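*Asks:* Protein chains in written order, with this note's numbering: chain A, 1 to 745; chain B, 1 to 82; chain C, 1 to 161.
For each label pair, taking beta carbons as the anchor points, the in silico distance ranges come out as:
id: 1; chain 1: A; residue 1: D612; chain 2: C; residue 2: S160; range: 36 to 46 Å
id: 2; chain 1: C; residue 1: A58; chain 2: A; residue 2: D492; range: 36 to 46 Å
id: 3; chain 1: C; residue 1: D118; chain 2: A; residue 2: S680; range: 17 to 27 Å
id: 4; chain 1: C; residue 1: A58; chain 2: A; residue 2: S680; range: 18 to 28 Å
id: 5; chain 1: B; residue 1: R12; chain 2: A; residue 2: P134; range: 25 to 35 Å
id: 6; chain 1: C; residue 1: S3; chain 2: A; residue 2: S62; range: 20 to 30 Å
id: 7; chain 1: C; residue 1: G35; chain 2: A; residue 2: E192; range: 48 to 58 Å
id: 8; chain 1: C; residue 1: T10; chain 2: A; residue 2: A662; range: 45 to 55 Å
id: 9; chain 1: B; residue 1: R12; chain 2: A; residue 2: R396; range: 30 to 40 Å
Simulated from the structure, these hints should not be mistaken for laboratory data.
It should be emphasised that the depicted structure is a prediction, and the values quoted were computed from it without experimental measurement.
Positions of the beta carbon are idealized from the N, C-alpha and C atoms, including for glycine.
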Amino acid sequence: MTDTEARPTYKYVGTRPIRHDGLDKVTGKARFAADLNMTGQLRAAITRSPHAHARIVSIDTSAAEAMPGVKAVVTGADFPEIDIADAIHDEAVNNIARDEVLYNGHAVAAVAATTLAQARAAAAAVKVEYEELPAILSIDEAIADGAPLANPTTRTLFTGDTEPSNFASIGQFERGDVEAGFAAADVIVEREFTTVPVHQGYIEPHACVADCGQDGKASIWASSQGHFAVRSKTAAILGWSTDRIKVTPAEIGGGFGGKTTIYLEPIAVRLSQKAGRPVKLAMTREEVLRATGPAPASKISLKIGATNDGELTTLAGTMYYSNGSTKGFSALTGAMSVASYKFPNLELHAIGTVDNTPKSAAYRAPSAPQAAFAVETLVDEIAQQLGMDPIELRLRNAVVEGDPTAMGMPHPKIGFIETLEAIKSSDHYNSPVPEGAGRGFATGFWFNIGEQSSATVNLNEDGTATVITGSPDIGGSRASMALMAAEELGLDVHRITPIVADTESVGFTDITEGSRATFATGMAVVNACRELIEKMKERAAVIRGVDVDQVAWIGGAAVIEGPASEGNEPLTIADITAQAKMTGGPLTATASLNAAGAGPSFAAHLADVKVDEETGQVTILRYTTAQDAGTAIHPAYVEGQMQGGSAQGIGWALNEEYIFDASGEMENASFLDYRMPVASDLPMIETIIVEVPNPSHPYGVRGVGETGIVPPIPTLANAIAAATGVRMTDLPMSPPNVLKKINEK
Amino acid sequence: MAIVHLQADHRRFTGGEEVLEVDGATIGAVIAELERRFPGLGPRLTEGASVAIDGELLPRGSIYEKVGPTTDIHFIAPITGG
Amino acid sequence: MISRTHVHCTVNGDEVDFLADDATSLLDALRDELGLTGAKEGCATGDCGACSILVDGAVNCACLMFAAEAEGHEITTVEGIADGDHLHPLQQVFLEEAALQCGICTPGVLVSAKALLDHNPNPTEAEIRYALAGNLCRCTGYDKIIHAVQEAAVQLNGASK
Ligand code: FES
Ligand code: FES
Chain A
1 MTDTEARPTY
11 KYVGTRPIRH
21 DGLDKVTGKA
31 RFAADLNMTG
41 QLRAAITRSP
51 HAHARIVSID
61 TSAAEAMPGV
71 KAVVTGADFP
81 EIDIADAIHD
91 EAVNNIARDE
101 VLYNGHAVAA
111 VAATTLAQAR
121 AAAAAVKVEY
131 EELPAILSID
141 EAIADGAPLA
151 NPTTRTLFTG
161 DTEPSNFASI
171 GQFERGDVEA
181 GFAAADVIVE
191 REFTTVPVHQ
201 GYIEPHACVA
211 DCGQDGKASI
221 WASSQGHFAV
231 RSKTAAILGW
241 STDRIKVTPA
251 EIGGGFGGKT
261 TIYLEPIAVR
271 LSQKAGRPVK
281 LAMTREEVLR
291 ATGPAPASKI
301 SLKIGATNDG
311 ELTTLAGTMY
321 YSNGSTKGFS
331 ALTGAMSVAS
341 YKFPNLELHA
351 IGTVDNTPKS
361 AAYRAPSAPQ
371 AAFAVETLVD
381 EIAQQLGMDP
391 IELRLRNAVV
401 EGDPTAMGMP
411 HPKIGFIETL
421 EAIKSSDHYN
431 SPVPEGAGRG
441 FATGFWFNIG
451 EQSSATVNLN
461 EDGTATVITG
471 SPDIGGSRAS
481 MALMAAEELG
491 LDVHRITPIV
501 ADTESVGFTD
511 ITEGSRATFA
521 TGMAVVNACR
531 ELIEKMKERA
541 AVIRGVDVDQ
551 VAWIGGAAVI
561 EGPASEGNEP
571 LTIADITAQA
581 KMTGGPLTAT
591 ASLNAAGAGP
601 SFAAHLADVK
611 VDEETGQVTI
621 LRYTTAQDAG
631 TAIHPAYVEG
641 QMQGGSAQGI
651 GWALNEEYIF
661 DASGEMENAS
671 FLDYRMPVAS
681 DLPMIETIIV
691 EVPNPSHPYG
701 VRGVGETGIV
711 PPIPTLANAI
721 AAATGVRMTD
731 LPMSPPNVLK
741 KINEK
Chain B
1 MAIVHLQADH
11 RRFTGGEEVL
21 EVDGATIGAV
31 IAELERRFPG
41 LGPRLTEGAS
51 VAIDGELLPR
61 GSIYEKVGPT
71 TDIHFIAPIT
81 GG
Chain C
1 MISRTHVHCT
11 VNGDEVDFLA
21 DDATSLLDAL
31 RDELGLTGAK
41 EGCATGDCGA
51 CSILVDGAVN
61 CACLMFAAEA
71 EGHEITTVEG
81 IADGDHLHPL
91 QQVFLEEAAL
101 QCGICTPGVL
111 VSAKALLDHN
121 PNPTEAEIRY
131 ALAGNLCRCT
141 GYDKIIHAVQ
151 EAAVQLNGAS
161 K
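Turn these sequences into a full structure, and let the hints guide you.
*Replies:* What follows is the structure, encoded as structure tokens:
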């Protein structure tokens, strides 16, 4: 671990305690959504479209309704019409189709029955008459002249256009003079890159239980990245007021962005309402692959110019990103993520498309890996052509505070240089490349976001504390919340119980996304703790009969200062809570905020690979990642995020892909055929945590969840180039694709 | 008054102008003024943009955020996360 | 009416009886009939290992077995790995080494790792990686899982000396 900047010494922050929810998770006790069962519960199943694009002529549910055990059937007609200008429109239609099915796997009806087998049999018996429409299955088909519309409700975002279009968004970013830049460049490299859709691949399929009462209120237990969003989206899709729905977060078995959208909850609520019984609705893996996720396909043509002494002067290109079946702004985000080098001249066109593949969803640093594949490959080629060390070239051009991102906004305080230096001084970088292998290097960046969070901290009678937040714990965030509270209060981290509360027990909190939980929710926890400290100082003043300004909070206790200090021992939290009743009642504090100032995080990855020139198989021999965490609250989970992000990026780079047949049906909708990395595919992933604190957070936190997935694709592409001399420009870099390139050499 | 930086998309409303001095005490007021001067631009900035002031990314919807005469405002494409 | 078979077996040391129809997987029987939700369904096709259980000490995917096949066998799920309130060293080390993030794969990984260490107390890194190759984890990149299994092996060997 590299400390690149002196930071205050903390007692709890930066330690590695056992996480509070860990015991339940190693003993099988933790309850994920599919583990929950209610008395009288029904099971539900969904009827899905076998066509990529079709008009729904009619739906006949009578046969299904007559089947054994069936208690309720719903179709799109059971949900209110939603105006296409409404923000919830696309998600509502994605939950259950109305007039048209927009991709193979799109939900059209759902059944609740006594057993799952009965529900599935009845779902298969729902008769849907379709009129097939032409299906758009790729970016090229979407943008072709005279292409049919993939989705008649799509308008190009942010343009004010009112005509339907296959263009989801169109954006442009410019600075300097690109023509002059290329004219003055000594080296110019240019290529086209393509990537295919990949899935987030969380191991837990989407699941929920809904129980709708006679009073017209519903309780939902769901696995999601944000249960407040589940509540508001479900309410909007049902046309209900928010107060009719309570959502309790179950444990979540991975999300990575894919559980920021909802698929099941409105359907489960409607089924429960119709049947008058609780309903459990869980997807199969096949449904997860056919109807949720994926990260967008992309097609990026890019050109970079540099001078002989290694100044990257000019970048220009066009980036197409598919959004799947609805509008979205993935292309804009992709172009904006081009933010690592100064490039005085830049022109990027970002074009989002719509097609008849599943509606795309966020996936860790959404859109950035595809863009980094292009940028970092070309930067590597420039280093190669100039005979420069790839890290040196990047150090020469790396952005620092005040330098512009692609959209012109200046970077806040960032640690890119420090991250590059960390790799440069790593053991890996300073070890020789193994015989016959190739070494690749690349970097990545992500903004991170703030947004709204709430926290309540209760001090208990015995001086222990409960920290209540509304951020689902995806990978150890409860422990981080407890650590920050421990640091503030000066209370042992295991005397603090961090919990994630339901939508009626804690203030509104946005989705856990954009690496925001530790940053923004952590800030709310810190603010609540600070308020509690002020309250405890007041109580201590009462107990000691002194003025509150004579009380200081030091080392987890109220210390009386000045003339009154004599004979007055410090009062610990337990001392104060023991007398809470006599000094004004329970000690509790709540803080809510809308956080600004999220800190961007940079990562740099280094890989040694061997390529079998007979089979095209790529084997990773060694892999190292360095990333700026700002401050690592719980370093073990920071490392875990870095390693997990790397592994997902490696899977994206080498193996993962959606394979559609000519009709738009996914041909590999199983974990057997959608091949994610397994333990034997990977080496150890060495981590170097860089800490350049974020000045906008009380402990300097930057989000760490996202950036790790950005560098692996170009890192491996560059390593393959070093090993074989071929530049891979199309994903995945699977054995047949690599072999093909080698044979073309 | 604040200094507003527009990205290329939005410059079609301003006749290509990228950096503008705009009156207004809050982000919302600045957007309203931009809409008055360049009809059609306002909605683009409210629905389809994230805002950064002096390099700090604001949470979405921060229309009441105060701005001063030397505040740099960047309207950029919307940012989400995963 | 679907006919149901009476199944008698041992689960985590307890003798149990339940009824299962012919199509019910052992995973569904464990989760829905016996209330043991430790084993998870990640795929139901034998490809993710989230449902890993021990059948007479050998790792199996519970989703690939019919419930009726449990007849007469000894089944161990993650709920049966600890000795009362005394965690198995694997469980303890997984906690200490942060070898889980979301925790959905953890029950299956622990079961597979236990089977490995029961049969091979001194596995190499490669042996651990191959023994766990049937257990998908999407969160950790496996690193901390492998380290934790190595550490648990050391502790188990120390304890048995
Ligand atoms: S659920 Fe059995 S292997 Fe995936
Ligand atoms: S810890 Fe989440 S899948 Fe392994």
